[in-house]
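Undergrad: From first to last, the protein sequence lines are chains A and B.
Take 47 as the starting number for the first sequence in our numbering and just add one per residue.
Take 76 as the starting number for the second sequence in our numbering and just add one per residue.
Just so you know, these hints were derived from the structure itself, not from any lab.
Do not take every clue at face value.
Simulated pairs of lysine-lysine, BS3-like, Cα-Cα distance not exceeding 30 Å [claimed, not checked]:
1) B:218 x B:394
2) A:70 x B:627
3) B:394 x B:488
4) B:488 x B:628
5) A:171 x A:70
6) A:70 x B:628
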Amino acid sequence: MSDGTTSASDELPSSGELRERSRKALGSQRQPTVTVLSSLIAVQDELHYIPDEAIEETATHTNSTINDVWSVASFYTNFRFTPPGGHTIDVCWGPSCHLNGAQNVMMRVHSELGVEGEGETGDGKLTLRYSTCLGACALAPVIAVDHHMKGRMSPDSAAAVVDGLKGA
Amino acid sequence: MSVAFSELRQKADAEWVSLTAGDKPWVRVGLGTSGEAAGAEDAYDALVESLGDDAKVTLVGSMGLCYAEPLIDVQLPGGARIFYNNLAADEAPDVVGSHLKSGRADANRAFAWHGDERPEGLGALSRLTELPTVRPQTRLATKLAGDIDPRNLSQYIANGGYGALEKALEDMDPAAVLDEVKNSGLRGRGGAAFPTGVKWGFLAPNPAPVKYILCNCEEGDPGAFNDKGILESCPHTLLEGLILAGYATNSSNGFIFIRQGHTLPIENSRKAVQDAYDAGLLGKNILGSDFSYDVEVALTGDSYVAGEETALMEAIEGKRSQPRYRPPFPAAAGLWGKPSNINNVKTLSYAPTIIRDGADAFKAVGIESTSGTAILCITGAVNRPGMYEIPMGSLTIREAVEDVAGGIRDGKKMKLFQAGGPLFGPIGEEGFDSPIDFDSIGQTTGSLGSGGIIIGDEDVCAVNLTRNLMAFNQFESCGKCFPCRLGMTHMVETLERISQNEGREDDLALMERMGASMRMGSLCGHGQLGYNPVSSALKYFEADFRSHLEDKKCPTGACGVGHMLTPTRMRP
Chain A
47 MSDGTTSASD ELPSSGELRE RSRKALGSQR QPTVTVLSSL IAVQDELHYI
97 PDEAIEETAT HTNSTINDVW SVASFYTNFR FTPPGGHTID VCWGPSCHLN
147 GAQNVMMRVH SELGVEGEGE TGDGKLTLRY STCLGACALA PVIAVDHHMK
197 GRMSPDSAAA VVDGLKGA
Chain B
76 MSVAFSELRQ KADAEWVSLT AGDKPWVRVG LGTSGEAAGA EDAYDALVES
126 LGDDAKVTLV GSMGLCYAEP LIDVQLPGGA RIFYNNLAAD EAPDVVGSHL
176 KSGRADANRA FAWHGDERPE GLGALSRLTE LPTVRPQTRL ATKLAGDIDP
226 RNLSQYIANG GYGALEKALE DMDPAAVLDE VKNSGLRGRG GAAFPTGVKW
276 GFLAPNPAPV KYILCNCEEG DPGAFNDKGI LESCPHTLLE GLILAGYATN
326 SSNGFIFIRQ GHTLPIENSR KAVQDAYDAG LLGKNILGSD FSYDVEVALT
376 GDSYVAGEET ALMEAIEGKR SQPRYRPPFP AAAGLWGKPS NINNVKTLSY
426 APTIIRDGAD AFKAVGIEST SGTAILCITG AVNRPGMYEI PMGSLTIREA
476 VEDVAGGIRD GKKMKLFQAG GPLFGPIGEE GFDSPIDFDS IGQTTGSLGS
526 GGIIIGDEDV CAVNLTRNLM AFNQFESCGK CFPCRLGMTH MVETLERISQ
576 NEGREDDLAL MERMGASMRM GSLCGHGQLG YNPVSSALKY FEADFRSHLE
626 DKKCPTGACG VGHMLTPTRM RP
């Protein structure tokens with residue numbers, strides 16, 4: 047699933063390259079209505095985060111100010127401003143998952159990753175996020191690996207998924 | 076019938092016949108978000124690889140029988156469909172392969188059959204429509220879910236799709252379509268249950284040249300997945316409804332509004348819109364008529380409040396999804412200041428059946444106060460979680476849990492249900508015999524809302540569930556109104572303290588006071604209803620709170636796993 051995702055451990059692209067890729071993403075939006083929000087979504091789909099360069103390019107592209115763009119980017123919780131790990135694991139904590147043992151899954155994922163909350167592992171290779179609802183509530187508890195759903199999780203099966211990623 | 080449509084229809088019919096009664100068997104693999112989580116994609120890949128040219132293998136939508144996923148069915152040319160449940164990638168090639176080779180279903184592994192004639196050699200195998208999860212259903216909006224490839228326009232048309240639009244454009248003027256929807260008694264399915272025909276009636280007479288119908292699929296309610304379910308399994312049903320709404324209200328544009336990251340609903344609706352344009356079902360002079368209409372898919376970032384109707388318009392405009400002051404109301408000045416209507420996915424998805432079969436047929440389903448169906452997502456501690464479309468008022472909560480969802484797992488007792496989204500709290504035994512319709516559930520402290528019903532068993536502590544709901548509400552407060560932003564935060568801290576047996580004597584009174592401020596000082600329902608989960612929990616489960624506060628212990632042990640792990644971000 048990892049299609050050339052940026053890993054924090056890899057060498058980071060240059061500022062010029064980020065700017066170039068941002069511009070390309072901004073210009074290739076297919077829907078008729080292009081806004082600050084649609085532009086930020088397009089950039090993050092391409093770069094997996096929003097670098098400062100993309101904020102500036104988005105402002106230029108949408109004829110708005112850097113302030114306008116930051117106000118939108120900082121509001122929606124899906125946007126991030128540093129490169130994510132090579133793989134992202136979402137663990138759902140919505141009520142359906144919660145009642146089916148999501149907290150135990152979450153604690154086990156924490157210990158497998160050696161983290162105490164959301165964010166990147168020490169080596170920067172994996173990113174953990176808490177999700178309010180992944181939308182597969184009937185298969186609770188649910189996790190997602192690089193946006194790919196995995197349901198009916200137990201602490202053990204979640205640990206196995208995480209282990210599989212560590213080697214990858 | 077217009078020439079344009081009869082050509083589409085002929086082509087679609089021919090394709091359908093070749094799929095169901097052609098020279099090769101048809102293998103359908105159910106893929107919704109829940110199917111994906113159950114491993115349906117892997118099963119599909121394994122089948123494609125192992126069957127090669129021996130069969131057509133297609134990813135279809137989800138029937139809603141999530142407990143049975145991956146759900147795969149095999150149809151030999153002209154024969155009945157044989158369903159296999161929980162058929163994952165490791166088993167699927169063998170089971171389906173030997174079925175195709177021998178021409179006989181695996182009687183031990185089969186789950187149900189569907190067709191005109193009972194296939195031989197399957198003993199007492201249940202008919203699909205006789206399954207306890209299917210028999211109580213009347214599928215109107217989800218009728219084709221699981222039957223057709225959601226990314227294939229022809230398969231929708233071959234099954235009656237766009238027939239309602241054709242009928243409206245050929246035989247009805249916009250006012251007649253509006254009247255039909257008014258007469259059907261359809262009420263909005265986003266939760267507010269406002270009569271849809273009346274809402275459309277606010278927009279229809281406005282002479283403005285640009286008017287919008289906005290379809291809301293933000294669907295942030297945890298435990299609800301029926302909007303996404305329709306979009307990922309049968310997006311053309313919604314699209315046809317959206318075009319009908321545009322016609323009835325003389326509107327110019329439609330938006331399908333979805334949260335980013337929900338891949339299947341987004342991809343399938345984008346494909347549906349594109350295919351509709353290519354077939355002349357969208358754009359200028361639809362099917363050769365005078366009516367022109369444009370639709371696009373707009374994405375929002377992650378924000379629960381974006382599902383509120385005025386915040387939704389802010390998000391489509393590309394801004395922070397924070398609610399607007401009203402008035403002006405959207406029908407007067409909405410998206411970009413233009414007259415707008417906001418409808419839920421389910422609401423619009425009923426429009427095709429209402430126009431095709433008439434208002435009376437729709438009213439014949441459900442009860443007098445609410446016609447049509449309720450599309451339920453039953454999850455939590457039940458044996459058969461899934462999405463079930465039942466006639467409004469036809470079952471009580473208890474019946475839905477016991478008869479449809481297969482009762483509580485591990486033979487345990489049901490302690491509570493939680494319905495209507497995270498701004499409503501847990502409801503106890505007294506509410507279990509409430510019929511499932513807007514007004515009856517509304518008599519409890521809950522709401523039918525969007526149709527998500529989460530079931531808790533005897534091991535659930537009401538304090539634990541309530542702090543989970545409030546943690547969600549805190550995380551999702553948009554921050555515009557400080558009573559909501561700060562009140563939610565303090566409420567979570569207070570519940571956290573109570574759950575860890577460190578509550579203070581006046582904590583319950585404190586939360587009630589905060590709730591009153593939030594109700595009075597918030598612009599939208601998020602803050603106004605913010606105290607609901609706590610007041611509901613206290614009404615039915617005060618003993619759970621007392622146990623934590625006075626006996627310093629959790630009544631079930633559920634709170635014992637320590638502080639709840641939830642994000643603590645607050646929007647700047």
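Undergrad: Each of the hints needs a verdict: does it hold here or not?
TA: Verification of the supplied hints:
no., hint, in the structure
1, B:218 x B:394, "violated (36 Å)"
2, A:70 x B:627, "violated (59 Å)"
3, B:394 x B:488, "violated (46 Å)"
4, B:488 x B:628, "holds (21 Å)"
5, A:171 x A:70, "holds (26 Å)"
6, A:70 x B:628, "violated (58 Å)"
The earlier numbered hints that this structure contradicts are 1, 2, 3, 6.
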